[in-house]
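Take the sequence shown: its position 50, counted from the start at 1, is 863 in the working numbering, and no numbers get skipped.
Bear in mind the hints are in silico, worked out from the structure with no lab data behind them. Any given hint could turn out to be false.
Calculated pairs, EDC-like style, for lysine to aspartate or glutamate (alpha carbon to alpha carbon, straight line, at most 20 Å) [unchecked claim]:
(1) K841 x D826
(2) K852 x D826
(3) K841 x E824
(4) K841 x D866
(5) K863 x E832
(6) K863 x E839
(7) K863 x E829
(8) K831 x D861
(9) K852 x E830
(10) K845 x D826
(11) K841 x E872
(12) K863 x E824
(13) K863 x D826
(14) K845 x E872
(15) K846 x E824
(16) K841 x D861
(17) K852 x E839
(18) K863 x E848
(19) K846 x E872
(20) K852 x E829
Pairwise CB distance ranges (calculated) [claimed, not checked]:
(21) E872 x G820: 26 to 36 Å
(22) G820 x L867: 26 to 36 Å
(23) Q821 x E848: 13 to 23 Å
(24) N859 x F816: 15 to 25 Å
(25) Q821 x I875: 30 to 40 Å
(26) I875 x Q822: 28 to 38 Å
Every residue, glycine too, gets a C-beta built ideally from N, C-alpha and C.
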Amino acid sequence: MYFWRTGQQQEVDFVEEKENTITGYEFKWNAKKNERLPKTFIEAYNADAKIIDLNNFREFVIVK
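Sequences and hints are given; from them, build the entire structure.
Encoded structure:
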């Protein structure tokens, strides 16, 4: 588990590496439809990106 931040203050709240896949998560109280993770992060690490908010946090915290 990691977080990511650049000198220009771009950030990813939570970074998970699992089965050779990197996923970045941004946690928002109320996510906007156009909310997304920094393109710099996604391109640098060929990462998946997910926004976690009040509508989908249960899927994130419940382990199946």
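Quick rundown of the hints versus the structure:
1. K841 x D826: holds, 10 Å
2. K852 x D826: holds, 14 Å
3. K841 x E824: Cα-Cα ~13 Å, so holds.
4. K841 x D866: holds, 5 Å
5. K863 x E832: holds, 17 Å
6. K863 x E839: Since the Cα atoms of K863 and E839 sit roughly 7 Å apart, the hinted pair holds (cutoff 20 Å).
7. K863 x E829: holds, 11 Å
8. K831 x D861: Holds, at roughly 11 Å.
9. K852 x E830: Distance ~18 Å between K852 and E830 Cα, so the pair holds.
10. K845 x D826: Cα-Cα ~16 Å, so holds.
11. K841 x E872: holds, 15 Å
12. K863 x E824: holds, 13 Å
13. K863 x D826: At roughly 11 Å apart (the allowed maximum being 20 Å), D826 and K863 satisfy the hint.
14. K845 x E872: holds, 19 Å
15. K846 x E824: holds, 19 Å
16. K841 x D861: holds, 17 Å
17. K852 x E839: holds, 13 Å
18. K863 x E848: Holds, at about 10 Å.
19. K846 x E872: Holds: K846 and E872 sit about 19 Å apart, inside 20 Å.
20. K852 x E829: Given pair K852, E829 holds - Cα atoms ~17 Å apart, limit 20 Å.
21. E872 x G820: 26 to 36 Å: Distance hint for E872, G820 holds at roughly 33 Å.
22. G820 x L867: 26 to 36 Å: holds, 31 Å
23. Q821 x E848: 13 to 23 Å: holds, 19 Å
24. N859 x F816: 15 to 25 Å: Between N859 and F816, where Cβ atoms are some 18 Å apart, the hint holds.
25. Q821 x I875: 30 to 40 Å: holds, 35 Å
26. I875 x Q822: 28 to 38 Å: holds, 32 Å
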